[in-house]
Amino acid sequence: MSSFFSRSSRDQPTPPQQPYSRLPPGGAQPDPYRQPPSQRVPAPRYDDPGAYEKRGHAQKSSRGAFGVVSSPSDALALSNRLIVHPSDFHKGQHVIVKQQFPITVLHDDTGKLAPGTIGASSLQRQWIGLSVTGDEVTVEPLSFQPSYLQSLDIEVGFLRRGHEIAEAFSADEMAHNFVKAFSGVIFTTGQLLVFEFHGQNLKATVKGLSTLELADAQRKSGGGPANTGVLMEKTDVMFLKAGDSAIKIKSSAKKAPPNAILAPNFRFEDMGIGGLDSEFSTIFRRAFASRVFPPGLVDKLGIQHVKGILLHGPPGTGKTLLARQIGSMLNAREPKIVNGPEILNKYVGASEENIRKLFADAEKEYKAKGDESGLHIIIFDELDAICKQRGSTSGGTGVGDSIVNQLLSKMDGVDQLNNILIIGMTNRLDMIDEALLRPGRLEVHMEISLPDEKGRYQILNIHTSKMRTNGVMDRDVDLLELAQATKNFSGAEIGGLVKSATSFAFSRHVKVGTLAGVSDDIEHLRVNRGDFLNALDEVTPAFGVSKEELEQVVQNGIIHFAPVVDELLRSGELFVEQVRTSTRTPLVSLLLHGPPGSGKTALAATVAQASQYPFMKLVSPEGMVGFSESQKVAAINKVFADSYKSPLSVIVVDNLERLLDFTPIGPRFSNAVLQALMVLLSRRPPKGRRLLVISTSSLRPVLTDLGLSESFDAELWVPPIASLRSLEYVLKEVELFHDASQHRNAMHMLQQAGFDGTDEQDSRLNIGIKKLLSVIEMARQEPETVAERLTGSLMELGL
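Just so you know, the sequence shown maps onto residues 1 to 799 in UniProt numbering.
Some hints here could point you the wrong way.
Derived DSS-like pairs (lysine-lysine); straight-line CA-CA distance at most 27 Å [what the hints assert, rightly or not]:
hint, residue 1, residue 2
1, 98, 241
2, 234, 207
3, 732, 687
4, 388, 357
5, 336, 367
6, 388, 454
7, 511, 499
8, 336, 364
9, 454, 241
10, 466, 454
11, 364, 300
12, 234, 203
13, 207, 248
14, 638, 687
15, 98, 234
The following label-pair restraints were derived from C-beta to C-beta distances [what the hints assert, rightly or not]:
hint, residue 1, residue 2, range
16, 577, 766, 29 to 39 Å
17, 285, 431, 38 to 48 Å
18, 542, 302, 25 to 35 Å
19, 540, 766, 34 to 44 Å
20, 474, 236, 50 to 60 Å
21, 166, 196, 16 to 26 Å
22, 180, 474, 46 to 56 Å
If you're looking for bench data, these hints aren't it; they were derived computationally from the structure. C-beta atoms are modelled at their ideal positions from N, C-alpha and C, and glycine is treated no differently.
Construct the entire structure; sequences and hints are all you get.
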């Protein structure tokens, strides 16, 4: 920016530094900046209160409409001034466009701008409403002397989407550069401008401003509107992050928080928590932001601090660790950590007394110091053990209900405390009494879900930090690779993975023939990539992929005996991408139907495996043999509930009619399972979660009779093998014959037997690929008569 200003000053002689100097009365007098320097007349001074009206009258009478063009250069566009020809206005003069948009002018130093035209950047044209296609607007000098700015609030974001960077910009440095670049420029509320900082173009909007008190001379001349002012070196510029922008702004360090609750030596790296950055940010905003400000300011707002946080989610995701670290990072009393069952006592009233004791210290200090009291933190682990739904348990002493009542009265009773923070943790949010979950109690509900890839990398980094520091981890270990391979691992399971990898490293340094002897090369112990890969086979996540089950149903692979198989797989890929990318369809349910043994389950499992979704599960009647109706419903519901804990999930529901216990004699079916499936197949997953359900059935008409077919978004027909060409392709794929003569002989026999059709209309063939593979393997057992055995078996099946 400095080079830009120096360039313009060389091209044009510098006029007297009077930003509002105009022509003297009388239009016939020469323009002082069109004349040679020796013939120029001095500009009026600020101490002439009538000069602005006189000169403004003369200027208006000599000005007409101006044509609009683009800014002559990028450097001039970044100046956020209106570019004019030197013969039209004075350099640095403040003008008003269309009688309502004040702006400062700058002379064109490129020579591209003709007299009677103005150059405006795209943001200026957007703000004022200008067009470069023949638009003409009025541009007149200001008729008042604007005030100087005391403060200016600027909302900033990146100018172009897709060009964002992760650098955090210093608000103090931005303010310094802004004042240096635009000192002497007029600003008004709502003005749009572009601001170049650290090589990035930022879009800025003036959100608010305040001006200095007017001097006597300004009062007499009419000080102008209160939402307009001129920037000066002493103006306090504050930058705000635009709500829709990814820009990061580091807050000003000039003023320390009045009563910071964070420990002065606290560092986030010391927390030992990975993958919970966004959760921790939300907790801090909801629960601690109000505690950063002075109690007097909070009192003026008439609000109370958040008193309770409930952390819920799958086991091992770091709920307890997060709660403990929150307690250690704050300038608060030592947290009281209570395991839920510890509250219970066999004596009448003792359990309630234990609850009251937890709050005793906080009550005592609050009575003495009021809002100046320190923060008291109480952490309840396994909260569901003591705060079950009231009335949910029959019999007993009713101590559970009494504990809930006592806790409610202490948190939000008559004598409310404003110096406590309750942190509860549970794996079963559905079991917690609803009265505890409303605002004023445990009002911040934070799901601590399974970590994403970035979070898993952070957790691996924490668990292996000592290995790397002490040089006992090989260089071939790639933590990014491990983070990608540990889908659906919780934080605890990643810790178990690291332990398992070290156990493999230990096993290499045990003396041969012993179990406890240590080899002599123990100093060379290193944990390498192979150890982690072995650990991945040993440690499996509780939530995630049914790898063995899916591989088992696709044991023979997919044989592409006809183009329809490729089309089915392609359609499956499209449904996978729809769930992955579409914002309108977070739930997609697909039905594959066809005759028995046609490969429906194998196709569904193949599509599921190819999706590479973090969560893949198979719901099969084989795993529910002997289950009662209620057990089946609970098992199916658990799979769907687990899928909601992962951002992307696919569930294969195999053999619907067997799950429903359907039989044509009667007919009979399980209505409880039917109703559960109808609900689960149509229930949209929670916000931020996406689910693909692939179901299979061999009795498609039955699903219509049961009303289940309406639950599917799409259906795909999986055909049997119905032509000799398809049969021949399968025989080649499985390599049934050892030579070409055997193959020709078998095909001739199949034609003689009547299996010579080329399509479904004129062929006797109608057999599923699964059953055909079984027939082929049986014929393979007699190599001498394989063709005869194959033909005979197909004929015996009545094809």
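Cross-check of the supplied hints:
{"no.": "1", "hint": "98 - 241", "in the structure": "violated (30 Å)"}
{"no.": "2", "hint": "234 - 207", "in the structure": "holds (19 Å)"}
{"no.": "3", "hint": "732 - 687", "in the structure": "violated (49 Å)"}
{"no.": "4", "hint": "388 - 357", "in the structure": "holds (21 Å)"}
{"no.": "5", "hint": "336 - 367", "in the structure": "holds (20 Å)"}
{"no.": "6", "hint": "388 - 454", "in the structure": "violated (35 Å)"}
{"no.": "7", "hint": "511 - 499", "in the structure": "holds (21 Å)"}
{"no.": "8", "hint": "336 - 364", "in the structure": "holds (16 Å)"}
{"no.": "9", "hint": "454 - 241", "in the structure": "holds (25 Å)"}
{"no.": "10", "hint": "466 - 454", "in the structure": "holds (20 Å)"}
{"no.": "11", "hint": "364 - 300", "in the structure": "holds (25 Å)"}
{"no.": "12", "hint": "234 - 203", "in the structure": "holds (23 Å)"}
{"no.": "13", "hint": "207 - 248", "in the structure": "holds (18 Å)"}
{"no.": "14", "hint": "638 - 687", "in the structure": "holds (19 Å)"}
{"no.": "15", "hint": "98 - 234", "in the structure": "violated (30 Å)"}
{"no.": "16", "hint": "577 - 766: 29 to 39 Å", "in the structure": "holds (33 Å)"}
{"no.": "17", "hint": "285 - 431: 38 to 48 Å", "in the structure": "violated (28 Å)"}
{"no.": "18", "hint": "542 - 302: 25 to 35 Å", "in the structure": "violated (46 Å)"}
{"no.": "19", "hint": "540 - 766: 34 to 44 Å", "in the structure": "holds (41 Å)"}
{"no.": "20", "hint": "474 - 236: 50 to 60 Å", "in the structure": "holds (55 Å)"}
{"no.": "21", "hint": "166 - 196: 16 to 26 Å", "in the structure": "holds (19 Å)"}
{"no.": "22", "hint": "180 - 474: 46 to 56 Å", "in the structure": "holds (52 Å)"}
When the structure is compared with the earlier hints, violations turn up for hints 1, 3, 6, 15, 17, 18 and for no others.
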